[in-house]
Amino acid sequence: MPYLFETEEHVALRAQARRFAEREIAPHGATWEEDEEFPAALYKAAADAGMAGIGYPEALGGTGGDLTHVLASAEEMILRGRSVGTVVGLGSHFIALPMIVRFGTPEQQARFVTPCLAGDKIAALAVTEPGGGSDVAGLTTRAVRDGDHYVVDGAKTFITSGCRADVVVAAVRTGGPGHGGVSILVIEKGTPGFAVSKKLKKTGWWASDTAELSFEGCRVPVANRIGSEHGAFAMIMANFAHERLALAGQCVAIAELAYREAIAYSRERHAFGKALTGFQVTRHKLADMASRLAAARALTGECTIRVARGEMVPALCAMAKNVATDMCSFVVDQAVQLHGGMGYMRETLVERLYRDARLYPIGGGTREIMNEIISKAEGY
Amino acid sequence: MKILVPLKRVPDPELKTKIKDGAIDLSGASWVVNPFDEYAVETALRLLENGDAGTREGGEVVVVTIGPSEAAQQVRSALAMGADRAIRVDAEDKAIDALTVVAVLQAIVAEEKPDLILMGKQAVDGDANQVGQMLAGKLGLPQATFAASIELAEDKASVLVGREVDAGVEYKRIPLPGLVTVDLRIVSPTAVKNHVTPDAFAYGDGPRYASLKGIMAAKKKPLADKTLADYGVTASPVIAEKGVELPPARPPGQKVDDIPTLVQKLVEEAKAL
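These protein sequence lines map, in sequence, to chains A and B. So the first sequence is numbered by the numbering used here: it starts at 1 and just counts up by one. So the second sequence is numbered by the numbering used here: it starts at 1001 and just counts up by one.
Hints listed in this document are in silico derivations from the structure and should not be mistaken for laboratory results. Keep in mind that the hints are not guaranteed to be accurate.
[As the list claims (entries may be wrong)] A partial selection of chain A residues facing chain B, derived with a Cβ cut-off under 10 angstroms:
hint	residue
1	11
2	13
3	19
4	49
5	58
6	64
7	69
8	73
9	273
10	275
11	278
12	280
13	305
14	368
Ideal placement from N, C-alpha and C gives every residue a C-beta, glycine not left out.
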């Protein structure tokens, strides 16, 4: 079922995303997941197919559109590409670049945004550190001003596309403790002192590379600072609304895929002389999956429309993320259950989706942080 | 140079055909542009542009469809790819046959006076494969069918069309105005030459993707809604569908233990020997 916000334009966009995913991702997705990497050339292919610039202004090399288009196209890519890791790896720019689009200078946009949207460079967002994730105000990577450079020392971890990123949008401490001392610097690949210290092994999202990055005396030009000095906290928080809705949208897509797989398997699999769908217990399980999916889709859709309209609704975004992640965890678990032994086998898609789904109550702000945001907004 | 591309919407060929009450049940069908017509749109765009530079100077691609109002969506997808304007002639699919289509297109050609008519070799629903040929015949235009490659002459007065035949590739040069129907291979990376795009340039395989930018731009491109009457055509199909049924299910195969049993069964049961 499409989102309520979808127009004929979204339908046409979905058709293109479907074609791209069926041609470029689906035939290789399972292999890439096992190989824990997809070819870097796919970034260019996605850009050429008009899939990279969705939601970005045309002036920067984007194709226009807003968050609604991002959600619809990403859903189609997951449904047809059947490789969540590949889709999220391709999409890592979506959490990294918007801050430059919103707060960067035209010169910074031309240097960092346009090449990524053209598929010539890869972007990653680096906020989380080995010493702390959710506590953005407590981050410790130091950037000390030295003339027209900052000297950066520290480490970042769990960085999606970090192994291959050319453009790392990093949150660093330029000032005193707390949220008032954080700035955003774009650290480019090849800067002396910047290294990928580790490629991380994960539960899911295998096709997407995830890195630990280290900075040792890494000299970054002041010209690479996005927005004002010490002024990043609000930028990062504003960025989270989009990220959380994108993650909620991915949950809806993953659950939709797992649900469809579960239906297909239940129709095909026979036990005690009839198809699994011949048993009421199976039908009711599927009905529960469908109902929760519809509810999460409705809330994600509503929240997306509000954000696309320009409303500031951080608590609603947090609710949408929690509702969608809980729903997704439930649906993939039930899908595995319906697959029985096959659901536990690596060759089965729902086995992989089950692992992929575990990220979502953690990434982009944990389930608990979401509840803190909601609690604050509700005032208790 | 003006290129006219007639296109037809067809039920998504990837979906399973459902038959109800002796007819194909299209109530829940999703519709797509006939793939061969989409290749024709791609070919038209490649003929007019510099594919390497991503630019186009002049030329016009006009798409035409004959179908109900919902068919506007398929026309828009051609506009999103880069076609310039569209004409939709209102008609129900059931009410028209190939001759009606030809009559409408004939009138449109008379009005539009295109230099080239490019179309799919056939629609993948009816697979009739006759509109292109009949249209060229009626218009008295030269035709080259099943094009696997096409080269627009530098003076734009003719096209050289490569056609895959049993013995190899046959090349046919036809003067313009003319009509070409295209086959699958026309959208391979170097099948279209126009002396503008560098000869060495290779396109991606298949028709281009429409970007969101193209999709949004398509909404603003002209789409003229016409009726059969506008072209002086009355729908009086000479071909009518009498009934549709699935082929009978094949009886299950048999496994035999050895060659003599197989021979015996072929002789006695199948009566094949």
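Against the structure, the hints come out as follows:
no.	hint	result
1	11	holds, 7 angstroms
2	13	holds, 5 angstroms
3	19	holds, 7 angstroms
4	49	holds, 4 angstroms
5	58	holds, 6 angstroms
6	64	holds, 5 angstroms
7	69	holds, 6 angstroms
8	73	holds, 8 angstroms
9	273	violated, 20 angstroms
10	275	violated, 18 angstroms
11	278	violated, 21 angstroms
12	280	violated, 26 angstroms
13	305	violated, 18 angstroms
14	368	violated, 36 angstroms
In summary, the structure is inconsistent with hints 9, 10, 11, 12, 13, 14 from the numbered list given earlier, while agreeing with the others.
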